[in-house]
Structure formats: structure tokens, C-alpha cells
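**Q** Chains as they are written, first to last, in my numbering: chain F, 1 to 309; chain Z, 1 to 410.
Everything labelled a hint here was simulated from the structure, so no lab data went into it. Bear in mind the structure is a predicted one, so any value in this text is a computation, not a measurement. Even glycine gets a Cβ: it sits at the ideal position worked out from N, Cα and C. Hints should not be assumed to be uniformly reliable.
To be verified - Below are the SDA-like pairs computed for lysine to any residue, each with C-alpha atoms no more than 20 angstroms apart in a straight line:
| # | chain 1 | residue 1 | chain 2 | residue 2 |
| --- | --- | --- | --- | --- |
| 1 | Z | Lys-285 | F | Thr-128 |
| 2 | Z | Lys-323 | F | Ile-137 |
| 3 | Z | Lys-197 | F | Ala-267 |
| 4 | Z | Lys-84 | Z | Thr-41 |
| 5 | Z | Lys-269 | F | Ile-266 |
| 6 | Z | Lys-285 | F | Thr-52 |
| 7 | Z | Lys-197 | F | Gln-273 |
| 8 | Z | Lys-197 | F | Ile-266 |
| 9 | Z | Lys-188 | Z | Arg-396 |
| 10 | F | Lys-224 | Z | Lys-84 |
| 11 | Z | Lys-84 | Z | Gly-120 |
| 12 | Z | Lys-285 | F | Ala-123 |
| 13 | Z | Lys-269 | F | Ser-125 |
| 14 | F | Lys-224 | Z | Thr-51 |
| 15 | F | Lys-124 | Z | Lys-285 |
| 16 | Z | Lys-269 | F | Thr-128 |
| 17 | F | Lys-124 | Z | Lys-188 |
| 18 | Z | Lys-197 | F | Leu-275 |
| 19 | Z | Lys-269 | F | Pro-136 |
| 20 | Z | Lys-285 | F | Ala-267 |
| 21 | F | Lys-224 | Z | Pro-227 |
| 22 | Z | Lys-323 | F | Gln-273 |
Claimed, not checked - Residues of chain F clear of chain Z, computed beta-carbon distances all greater than 12 angstroms:
| # | residue |
| --- | --- |
| 23 | Thr-52 |
| 24 | Pro-68 |
| 25 | Arg-127 |
| 26 | Gly-135 |
| 27 | Gly-147 |
| 28 | Val-166 |
| 29 | Gly-172 |
| 30 | Gln-180 |
| 31 | Pro-182 |
Here is what each chain is made of, one letter per residue.
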Amino acid sequence: MNELPQQLVNGLLLGSMYGLVAVGYTMVYGIVQLINFAHGEIFMTGGFGALTVWLILPGGTTMWIALPLMLIGAILVATTIAVGAERLAYRPLRGGPRLAPLITAIGLSLALQQAVWSLYPEAKSARTFPQIPGGPIELGPVTIQTGDVFLLIAAPICMAFLAFFVMRTRVGRGMQATAQDPDTAKLMGVNTDRIIVIAFALGAAFAAVGAVAYGLKYGVVDYKMGFLLGLKAFTAAVLGGIGNIYGAMIGGLVLGIAETMATAYIAHIPGMQQLGGQSWADVWAFVLLIVVLLARPQGLLGERVADRA
Amino acid sequence: MRNRSLLILTTAVTAGALTLTACGSRDDKGGAENGDNGNVTVTIGLDAPLTGELSALGLGIKNSADLAVKTANKKNYVKGVTFKLESLDDQAQPSSGQQNATKFVADKTVLGVVGPLNSGVAESMQKVFDDAKLVQVSPANTNPSLSQGPNWASGDKKRGYKSYFRTATTDAIQGPFAAQYVFKDAKKTKAFIIDDKKTYGAGLAGTFKGEFEKLGGKVVGTQHINPDTKDFSAVATQVKSSGAEVVYYGGEYPAAGPLAKQIKAAGAKVTVVGGDAIFSPEYVKLASPASAEGDIATSVGAPIEELASAKEFLANYKAENYKEAYEAYGGYSYDSTWAIIEAVKKAVEGNGGKLPERAKVVEAMQGVSFEGVTGSVAFDEFGDTTNKQLTVYQVRGGAYKPVKSGTFGG
Numbered sequence: 001m002n003e004l005p006q007q008l009v010n011g012l013l014l015g016s017m018y019g020l021v022a023v024g025y026t027m028v029y030g031i032v033q034l035i036n037f038a039h040g041e042i043f044m045t046g047g048f049g050a051l052t053v054w055l056i057l058p059g060g061t062t063m064w065i066a067l068p069l070m071l072i073g074a075i076l077v078a079t080t081i082a083v084g085a086e087r088l089a090y091r092p093l094r095g096g097p098r099l100a101p102l103i104t105a106i107g108l109s110l111a112l113q114q115a116v117w118s119l120y121p122e123a124k125s126a127r128t129f130p131q132i133p134g135g136p137i138e139l140g141p142v143t144i145q146t147g148d149v150f151l152l153i154a155a156p157i158c159m160a161f162l163a164f165f166v167m168r169t170r171v172g173r174g175m176q177a178t179a180q181d182p183d184t185a186k187l188m189g190v191n192t193d194r195i196i197v198i199a200f201a202l203g204a205a206f207a208a209v210g211a212v213a214y215g216l217k218y219g220v221v222d223y224k225m226g227f228l229l230g231l232k233a234f235t236a237a238v239l240g241g242i243g244n245i246y247g248a249m250i251g252g253l254v255l256g257i258a259e260t261m262a263t264a265y266i267a268h269i270p271g272m273q274q275l276g277g278q279s280w281a282d283v284w285a286f287v288l289l290i291v292v293l294l295a296r297p298q299g300l301l302g303e304r305v306a307d308r309a
Numbered sequence: 001m002r003n004r005s006l007l008i009l010t011t012a013v014t015a016g017a018l019t020l021t022a023c024g025s026r027d028d029k030g031g032a033e034n035g036d037n038g039n040v041t042v043t044i045g046l047d048a049p050l051t052g053e054l055s056a057l058g059l060g061i062k063n064s065a066d067l068a069v070k071t072a073n074k075k076n077y078v079k080g081v082t083f084k085l086e087s088l089d090d091q092a093q094p095s096s097g098q099q100n101a102t103k104f105v106a107d108k109t110v111l112g113v114v115g116p117l118n119s120g121v122a123e124s125m126q127k128v129f130d131d132a133k134l135v136q137v138s139p140a141n142t143n144p145s146l147s148q149g150p151n152w153a154s155g156d157k158k159r160g161y162k163s164y165f166r167t168a169t170t171d172a173i174q175g176p177f178a179a180q181y182v183f184k185d186a187k188k189t190k191a192f193i194i195d196d197k198k199t200y201g202a203g204l205a206g207t208f209k210g211e212f213e214k215l216g217g218k219v220v221g222t223q224h225i226n227p228d229t230k231d232f233s234a235v236a237t238q239v240k241s242s243g244a245e246v247v248y249y250g251g252e253y254p255a256a257g258p259l260a261k262q263i264k265a266a267g268a269k270v271t272v273v274g275g276d277a278i279f280s281p282e283y284v285k286l287a288s289p290a291s292a293e294g295d296i297a298t299s300v301g302a303p304i305e306e307l308a309s310a311k312e313f314l315a316n317y318k319a320e321n322y323k324e325a326y327e328a329y330g331g332y333s334y335d336s337t338w339a340i341i342e343a344v345k346k347a348v349e350g351n352g353g354k355l356p357e358r359a360k361v362v363e364a365m366q367g368v369s370f371e372g373v374t375g376s377v378a379f380d381e382f383g384d385t386t387n388k389q390l391t392v393y394q395v396r397g398g399a400y401k402p403v404k405s406g407t408f409g410g
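Given these sequences and hints, build the entire structure.
**A** Printed below as a string of C-alpha cells:
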């Protein structure tokens, strides 16, 4: 059992990444009741945005200078695409039937994937991502990679920032008001169109931070990286209670740790060898989701609200 | 009201799209039976992943097959016949492979198909080709059950499809060959075995495990991964605490690269060993050259750069200025294509100079024997190659270098 601390850290790191992406799903859903299936692809474009900045920078730039610039590049690309998508694809459909924006989101997801695949140079297979130099950091029984340090620092900062933003700022209170009742919020003088754009942009910025962390952690970015991760992040958002930003973070961490534990330990349970290992981890993660939703249909932190449709 | 008009619109668009695709596939009919100079055109189909993660290998296969077709046409190798290569992309997906197979079968000018790369894709194509009696020669499938039936390991070998042939050596030889090298030459006795649960990967890992344990090696752990994810940290931690000296991975380089990288980053002092599907410069790139150093891959045949028989192929490949390298299966693809050309030649000659039916080409293939790029090419009673040579490659200075060639002797 001496690998348990390390496995917990592995799960925590994976979960932090899920959480960063899940925030985008949950915020958009909380405000416009839209499951933005293109969010995984917005995450992916953030990764390519960071890669582009790295390729433009002169060779040999140290990561201390490059990383902040890459982060800005990633956030710029991802928010631009998310805001553009909101303006061009989702806003015209806002009054329409609820399935229309959902199908649009799926179409947008495919379009973004294929656009990167065909237009970005050499993106038809995985592209290598720059790495933070230096060896792993040993902390007692736990080893942390240099690439993971970024995620360890960035994820809590992002989450704290978001909590502060939503709770304490004027715009954040506007978001809460719009989530509760868009019509009343509008009557009270909240510019709901602006609030919706901000929700999309903020979600995209978080996804972009997640994408840079992904590149640093795994060393590659590819046009498909948003698909599976987006699906997992969406699962995390549902697990935590969709619409609740703290739920997204908790859901991400629970999902990440559950997957890691399933990979590491299920096969050790007598009679379960066939159902263990990483290839079954997703199955166990979804079993967990079903169990949680059976007990708490609103998710871990979600509140039961009357359907507004 | 709006809902209804939307529904009608969707239906109209779908119907339109279906009609268009139907028109598209009708273009494949055998219109080019007679070329302009009295020559008959015979199409050789090619199926490989031309896009996606495995496209480096797939494009190498396509270019090499193209070279064989061009050479045959230039030499006018089969009198009265002009060959044409028709390439379809399977994206390494069994479902796409099967669709492509159906397309080839529907095109009457197709007399043989080269491909696919993946054993899992081959499984989905075999029956389609066999029902149509269309010959298929794969340059890269290594899973034994494709030719010897699902119970090959217990000695109950049965050929399922008479139309299936391959120029690549099987994993029944490749896995054990790697096990012998690891145990006897590299002197490593503790292995952690990982596979991706695909036809190729699980089969290869199984044959490695069998031989490694027979030799006296110890398997300290096994894991099955999902090749679609990139997070292998939990597996890496397990490998580290298992005390393994080698990790044998049954699977392909897109997952193998990040897996090897994460295992080594976790602090495990291991050599990663794999089969022909990690024998690609892409593996070194994805694992990062520093952490891939010392890793081992086995691949079918001998390195063609060192074969006298491959000199002409290498020179011609260079002269054609293909954009992509021929990669691991270039020589085998050329030989697979050439085997089809030889079989067509024999069948044409046996048919008084006229184009034979497809079944005759399958019959002719069984007796094909010639000196190819990779050595002598001929097929045994299962459709497997009689050339059982394999080579061990090791990453040295950031690139795979051959270290030992040989044949596996039980």
C-alpha cells in the first residue's frame, strides 16, 4: 500500500485538470441552460494557442519568460473562439427550441476539431509541447514532476479567483442574478447579454489554463485532446451538481481520484482481475456517477431547482 | 410551428446528403475496363490509416505500394495490363476498414488489395474480401489469429479465410523473439506487462509473457490501458513500486510514447520494450529522446537499409521524391503489392492473356514466389510469409539502431 500517497497525488492532479475544464461547462449551463459540447474543443484550441506562441518565440527562450506569454496566448485564443461562438452560433438561437443550440454545439465541436486538423501545420498527428526543464521533486513518498507544478499552483489560484469573482464583484453578482432568473435580472438593470458573454469567456480562460497544464504534463497536444477530456469534465460537472461552480471543482477531484484508484486497486480485489486496470477505469468512474446520481439526482453540491422550461 | 419547419428542413438536408453520397459511390463502377492503348486497367486497392495518429506508418505503406505499381507499369511487367493504385483511408478504425473493403469489392476492376496496417482493422475486412474471393495481402498485420484461427495458441491452427495473405511475420514469433532477447541478451528477469486490449497489442503481450515465463523470467505486474487517454500516471506509479526492470508494451506508438515518458518520469529505472508498432521515429519524439534512450523495439524482417535486395527499392523511393518516409513497413508494402502483381500475371497467363476472375488470383497467390525487397517472398498453408526474420532495434542517440537480427527457433 506504500504507493497510496503517490496515487492520491496522481488522482488529485488529474482531477484538478478536470475541474478547470468543468467550470466552463457548469457556468454556461447555470446561466443559459446550454450544455456547451464545444467546450472540450475550446480547451484544445487553447493548447494550440500556447503552442503557437512557443513556436513564434525565438528558440532558447527560457520557460520563465515563455510560460506567461504562452498562457496569455492560450487564453486569448480560447476566449476569442468562445466569445465568437457565443455571438455567431448561440446568441441567434437563444429564443429558439432548446435542442437547436445543443446540436449547434455538437456541430461546432466537430468543426473546430477538423479545422485544427486540417489548417494547423503538422497537426494531423500529435505535436510536442515544450517542457519545464528540471528533474522531479521528491517529497517523502511522493514524486511530483516539474510539469505538474504548474497545475498544482494554477488550479487553486484559478478556483480562488473564481469564487472571489462570483461572490464579491458586481459582475459576479450579476451572474448569480441571471442564473436565478434571467428575466427579473434584466428588469433590475443587469445586462444579461454581457453576463452571458463573460460566462463564456471566463469558462474558456479556465479551459485554456487547463490546456497549458495538459501540454506541460503530457508533453503533447493534438486535435483530439479535447474530446475525451471534455466528456470527463462534463461528467465531473454533473457529478458535482451542474450549475454550481464549487460542485465542478469537487466533481473534478472526485472523478480524478476515482479513476486513479480504480486503475491502481480494483485489480487487487480477489475475483476482480478482469475488471481492473486502466482500461476499466472509465467504467468505474461512470458507475460512481450513476450511484451518486441515484442517491443525489442534483449532484454532490447541486441544489434542487424547479425546471424553468 | 417552428419545430415542424425545422424537422422538414433537417429531413430535406439529410435526404439530399444521402443522395449525394449515393451518387458519389456510383462513380466507382468499372468504367475503365479498357485503357486507351488497348491495355486493360487493373486496380490494386490500398487500405491504411492515411490520416490520424498512425498516418506516418500508413503513408509509408501507400507510397511504397505506389512505387511498386509505377515500377510494374514502367517495365510493362504484365503484358496488356496497366495497374492503378486506389488508396482509401481507414483512420485505424475497424468500421472504416470494413466500409473500404465493401467499396473495393464493388469496384469490378479491383483484383487485389494491399493492407491494412492494424490487425483489428483486418479482422473487420477479412470476411468481406473472402466472400467476394478478392485477394488481400497485408504488409503489417502481425496477429496470429488472422491467419491461423482463434485457437492457434493451443496448437489448433485453422485457416479462416483463403483470400488473406501477409508479408509480415506474426506475433507468435515476434513476442517470443523479444522475450528471448530481453532474458538472454539484455539479462533482465523482472517484467511488467502492459497492453492496450486491441487485437494486436493484447496478442503480442500474451506471446511475450508466455515465452518470458517459460525462460524463467518473472512477471511482476500487468496492466491494460486505454490508448485514447494520455494520463498514465497511476500505471507509472505501479510500475515504479513493482521493481520491474523492463516494461513490455503491446500496443502502438501514440500511447506508447506518453506511457514510456510518464513511467520514466515517475522514477522507474526500466527499459521499455515493444513490437513493430512502436518502431517509429514518432515513438522517440513522443517519449522525448532523453527518456526513450535505451528502449527496445522488435520489428519484422531485417533492416532494409542493410539488405542487398532492397538497394533498388531505396534508390527508386528516393528518386520518386515522396514527401513521407517509407517507415517500418515500406519494404513489406512493396512486396505485398508486387505479390498481387505476380499473382495477376500468373492468372492472366493461365487464362490465355485475358483478365481472370478474382478467385483465380487468390489461387495464383498461394503459389507466388519471388525475390522481393525484404528477401524471398512466398506464403505457407495459412497465408503467412515463409520469411520468419526479425530484428531487435534499440534507441541510441535519439534514433532506433539495429542491434540483432535473427530468426526465432522455438
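**Q** Work down the list of hints and note, for each, if the structure agrees.
**A** Here is what the structure says about each hint:
1. At roughly 8 angstroms between alpha-carbon atoms, Z/Lys-285 and F/Thr-128 fall within 20 angstroms of each other, so this suggested pair holds.
2. Straight-line distance between C-alpha atoms of Z/Lys-323 and F/Ile-137 comes to about 42 angstroms, which puts the hinted pair past the 20 angstroms bound.
3. For the hint pairing Z/Lys-197 with F/Ala-267, the CA-to-CA distance comes to about 15 angstroms; that is within 20 angstroms, so the pair holds.
4. The straight-line distance between the Cα atoms of Z/Lys-84 and Z/Thr-41 is roughly 7 angstroms, inside the 20 angstroms bound, and the hint therefore holds.
5. For the hint pairing Z/Lys-269 with F/Ile-266, the CA-to-CA distance comes to about 25 angstroms; that exceeds 20 angstroms, so the pair is violated.
6. With a C-alpha separation of about 19 angstroms, the suggested pair Z/Lys-285 and F/Thr-52 falls inside the 20 angstroms cut-off, and the hint holds.
7. Restraint check: the Cα-Cα separation between Z/Lys-197 and F/Gln-273 comes to about 14 angstroms, which is no more than 20 angstroms; the hinted pair holds.
8. Under the criterion of a C-alpha separation no larger than 20 angstroms, the hint pairing Z/Lys-197 with F/Ile-266 is consistent with the structure, at around 17 angstroms.
9. At roughly 19 angstroms between alpha-carbon atoms, Z/Lys-188 and Z/Arg-396 fall within 20 angstroms of each other, so this suggested pair holds.
10. Proximity of F/Lys-224 to Z/Lys-84 is assessed by CA-CA distance (about 34 angstroms); at most 20 angstroms being required, the pair is judged violated.
11. Of the pairs offered as hints, the one joining Z/Lys-84 and Z/Gly-120 is violated, with about 27 angstroms between alpha carbons and a cut-off of 20 angstroms exceeded.
12. Proximity of Z/Lys-285 to F/Ala-123 is assessed by CA-CA distance (about 14 angstroms); at most 20 angstroms being required, the pair is judged to hold.
13. Restraint check: the Cα-Cα separation between Z/Lys-269 and F/Ser-125 comes to about 29 angstroms, which exceeds 20 angstroms; the hinted pair is violated.
14. Proximity of F/Lys-224 to Z/Thr-51 is assessed by CA-CA distance (about 13 angstroms); at most 20 angstroms being required, the pair is judged to hold.
15. Annotation: proposed proximity of F/Lys-124 to Z/Lys-285 holds, straight-line Cα distance about 15 angstroms (limit 20 angstroms).
16. In summary, the hint linking Z/Lys-269 to F/Thr-128 is not supported, as the alpha carbons are separated by about 24 angstroms, beyond the 20 angstroms threshold.
17. For the given pair, F/Lys-124 sits about 37 angstroms from Z/Lys-188 by alpha-carbon distance, which is inconsistent with the 20 angstroms threshold.
18. In summary, the hint linking Z/Lys-197 to F/Leu-275 is supported, as the alpha carbons are separated by about 12 angstroms, within the 20 angstroms threshold.
19. Restraint check for Z/Lys-269 and F/Pro-136: the C-alpha separation of about 14 angstroms stays at or below 20 angstroms, so the hint holds.
20. With a C-alpha separation of about 32 angstroms, the suggested pair Z/Lys-285 and F/Ala-267 falls outside the 20 angstroms cut-off, and the hint is violated.
21. Taking the CA atoms of F/Lys-224 and Z/Pro-227, the gap is about 13 angstroms. The hint holds against a cut of 20 angstroms.
22. The hinted pair formed by Z/Lys-323 and F/Gln-273 fails the criterion: a straight-line CA distance of about 46 angstroms is larger than 20 angstroms.
23. Every CB of chain Z is more than 12 angstroms from the CB of F/Thr-52 (nearest about 19 angstroms), matching its label as outside the interface.
24. The beta carbon of F/Pro-68 is kept farther than 12 angstroms from every beta carbon of chain Z, the shortest such distance being approximately 23 angstroms.
25. Interface exclusion of F/Arg-127 from chain Z breaks down, the closest Cβ pair being 10 angstroms apart, not more than 12 angstroms.
26. Against the 12 angstroms criterion, F/Gly-135 falls within the reach of chain Z, whose nearest CB is about 9 angstroms from its own CB.
27. Its closest Cβ contact with chain Z, about 8 angstroms, brings F/Gly-147 to no more than 12 angstroms, contrary to its assignment away from the interface.
28. The claim that F/Val-166 is not at the interface with chain Z holds, since no C-beta of that chain comes within 12 angstroms of its own (minimum 29 angstroms).
29. Every Cβ of chain Z is farther than 12 angstroms from the Cβ of F/Gly-172; the closest lies at roughly 32 angstroms, confirming the non-interface assignment.
30. The Cβ of F/Gln-180 lies farther than 12 angstroms from every Cβ of chain Z, with a closest approach of about 28 angstroms, so its non-interface assignment holds.
31. The Cβ of F/Pro-182 lies farther than 12 angstroms from every Cβ of chain Z, with a closest approach of about 21 angstroms, so its non-interface assignment holds.
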